[in-house]
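With these hints in hand, go ahead and build the complete structure from the sequences.
Protein chains in written order, with this note's numbering: chain D, 1 to 500; chain X, 1 to 308.
Worth flagging that the hints you see were computed from the coordinates, not collected in a lab.
Since the structure is predicted, the reported quantities are computational estimates derived from the model, not experimental observations.
Positions of the beta carbon are idealized from the N, C-alpha and C atoms, including for glycine.
Worth double-checking, as some hints may not be accurate.
[Stated by the list, open to error] Here are the simulated distance ranges between beta carbons:
hint : chain 1 : residue 1 : chain 2 : residue 2 : range
1    : D       : Ser435    : X       : Pro112    : 38 to 46 Å
2    : X       : Met165    : D       : Gln316    : 45 to 53 Å
3    : D       : Pro348    : X       : Gly136    : 27 to 35 Å
4    : D       : Asp238    : X       : Met165    : 55 to 63 Å
[Stated by the list, open to error] If you want the footprint, here are the derived chain X segments under chain D, 3+ residues with CB under 8 Å:
hint : segment
5    : 255 to 261
6    : 265 to 277
7    : 287 to 301
[Claimed, not checked] For the chain D half of the interface with chain X, some residues (derived, Cβ under 7 Å), not all of them:
hint : residue
8    : Gly195
9    : Glu197
10   : Arg201
11   : Leu352
12   : Ala388
13   : Ser485
14   : Glu489
In case you want the letters, here they are:
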Amino acid sequence: MARAAASVTGACIRGVEARPVTVEVSLANGIPSIGIVGMADAAVLEARSRIRCALRSSGFSVPRKSITVNLAPSDFRKTGSSLDLAIAVSILIASDQMPSTGSEEALVVGELGLDGSVRGVRGEAAYLVLARETGRFLVGPEGGGLPPLPGQPPRVIDRLSDVSVGLQGAGREPGHRPGPRILAGGQIDFRDIRGQEASKRALAVAAAGGLGLLMIGPPGSGKTMLARRVPTILPPIDPGELQEALCIHSVAGEDVEGILSGARPFRSPHHTISKAGLVGGGRPVRPGEASLAHGGVAFFDELAEFPGDVLQTLRQPLEDGYVAISRVDGTYRLPSRFQFLAASNPCPCGHLGDPSVPCRCSPGAIERYRSRLGGPLADRIEMVLDVARPDPDEVLRGEGGACSADLRDQVTAGREHSAWMLAREGPVDDPRGPSYLKRHLSREAGDRLLDSASSAHLSPRSMLRVLRIARAVADIDRRVTIAPSDIYEAMALRGRRDGL
Amino acid sequence: MMGAFRDGIVVERGSGLWPQSLEDLPNPPERLFVRGDPSALTGESLSIVGTRRASPYGLAVAELASRIAVESGLAVVSGGALGCDRAAGDQAVARGGVGVVVLGSGADVVYPRSSAGLVERTLSKGGAVVSLERWGSPPRRYAFPKRNRVIAALSRAVFVAEAGMPSGTFSTAECAAGIGREVLAAPGSIFSRESRGTNYLISVGATCISDENELECALSRIYGVLRHPVGDRGETPGSTDVERAVIRALTASPERIDSIARHVRLTTRQCLEVLGNLTVAGLVERMEDGRYAATPRALHAQTALGGP
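In structure tokens, the structure reads:
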């Protein structure tokens, strides 16, 4: 007589994290059938047909019983095909076709094929993290080659028949993986860009202070080249951020190769992107570009072309470092902390200030175009950087100037010093707010700031921006107090015009 | 709005208030719509014109010319548009002179709207705002060349502060030359797009105004007036050698930060600091395209007779 009941732990993705799901199976006499309860969506219900075929093709039999499958907890919606394997395994245990050894400590995740093969599912990294956090070992198909996390090593099964010996010792150890591939063509570096030293300095200060930066320049002046190199000057990604970034990319089905090789993400969404594409959404909820840029850089080219309501959705991630999406079944919290970079042409035709091509825009048209730039993100853009096409002579014969390693030292110093100061200060209400920034302002620097405010007609918000930039400059030099020279440099780096 | 403006009058051709200078035009207009004091139109004046997209250099030249005209007892006629026009008009009023603003829209319609302040100040200081168009007319494309003819005819001389190529300023200068008015022009850098028009005018016969004295001489020759000079000898402003070197580098034409740093032999950081400092001091400013230029104040301080 079969034991008639069994339970196995599976998991499915909710937002960017994996949630454990207890799969309970009960066999009873009655008309042979498989019924699934517990807020399962269409993909989970379809599992019945896949499981039936997979069991037969793997040499098992489908019990001629009324089979009830319960997915607990039943208060959130289970989506996707990741529960296939767990349901099949619990049916096998319940019908005594395999021993239950190890089913207490296993986390079973995988999709079944009709021929009994086990297929991968999106979000491998999230399942690995869940297995580690709950002290289980993952049983599933060969994955995308993630490095082993501390904890019990996962077991890899290629076919459903591999579980017939029980989950403990099923299948094999994960295959040995060589280290991440080094991308062909070598690493990009700021050394490739010549005659743009002021721009490099501005980007380093922005990265050190986590300040939003908008580049303005004609087409071909190198805005995208500069932006692409910003991830190379950020300090190495820390393990917590790395894990979050891995989960996000793996859940979204994006390549994780780059992140594994230590490169920070660089995302450049197109201006036709929807709100859900940018901050995440859909059903089931999936992360958007703002989350895929977590730990790295989000670059918004042609900022003026982005619709205002789409940019408006970026306010939350820029302020809080995460996106919260509220749905009937609760709130999804997607990590989203990134360096904000944007670029724009200087005018509708793009050639204002270009020495070789005349600009054909009227002053009024330029003003209207500019007014679209600031828009909803005006107070999230601390610096405006003017990028011009450098002298060809300089490009060919000039010296390389600062390289990524030099700039990375500056950024690392700035971030470390800023963290050190915050730790020393104790709890600070808002490290970007005026009361904290004013605490370490020399009297002379304060006077210079007031001079600047009256001569350049700075609004209180602009003064705050100057202070933030000056703080980043001081942090790069590992100085506690903001000096007058920092204020001057900040005034030049601010590079802001009226209306922006 | 039409015809309802409270302080406006219509001056008909042939009336006592009609400026006779307009009779020199091939087809003189039949009536002028005037706000303010119509006698401002009949006195001696200097017309100052220039590009709307003026560089700080062009603004400084327009201001300089306006100031000298006022000190020589002349009214300043301008078009009330952005850039040079407004700089000249504002400077005339600020110096206590009489301004005449010739609009392309109705005299009671302010276009561009940002010129509202200039119009108000001009009226309050005894100047006049004039138009060929009826009260309440919106700005129309065809109205502006007609307006330019009036600007050219009202004064005995037209001073071109800064003009690109091609430019609307040219129609004013051509019309002025056609009816025997003297055209004065300030030369600019040969690298500056905004100075091509003025340099061209000089090459085809406009009087070259290469410094303040020359403008003063030209005005005394044309109008038979003498100016009461004020101020003392100026030098390059700035408190350190480096600052002075940066301002000198920017006097001829605007430059990008990287080229300034190279020219003055500074590191990028030092250069940023100096520029920030000079910006706060009001001696350099950032242009719309990101280049830095010396401000009118820095340029005035370098002229022989001192700044405004």
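Results of checking the hints against the structure:
{"no.": "1", "hint": "Ser435(D) with Pro112(X): 38 to 46 Å", "in the structure": "holds, 41 Å"}
{"no.": "2", "hint": "Met165(X) with Gln316(D): 45 to 53 Å", "in the structure": "holds, 50 Å"}
{"no.": "3", "hint": "Pro348(D) with Gly136(X): 27 to 35 Å", "in the structure": "holds, 31 Å"}
{"no.": "4", "hint": "Asp238(D) with Met165(X): 55 to 63 Å", "in the structure": "holds, 58 Å"}
{"no.": "5", "hint": "255 to 261", "in the structure": "holds (count 5)"}
{"no.": "6", "hint": "265 to 277", "in the structure": "holds (count 9)"}
{"no.": "7", "hint": "287 to 301", "in the structure": "holds (count 5)"}
{"no.": "8", "hint": "Gly195", "in the structure": "holds, 6 Å"}
{"no.": "9", "hint": "Glu197", "in the structure": "holds, 4 Å"}
{"no.": "10", "hint": "Arg201", "in the structure": "holds, 5 Å"}
{"no.": "11", "hint": "Leu352", "in the structure": "holds, 5 Å"}
{"no.": "12", "hint": "Ala388", "in the structure": "holds, 5 Å"}
{"no.": "13", "hint": "Ser485", "in the structure": "holds, 5 Å"}
{"no.": "14", "hint": "Glu489", "in the structure": "holds, 5 Å"}
The earlier numbered hints are all upheld by this structure, with none contradicted.
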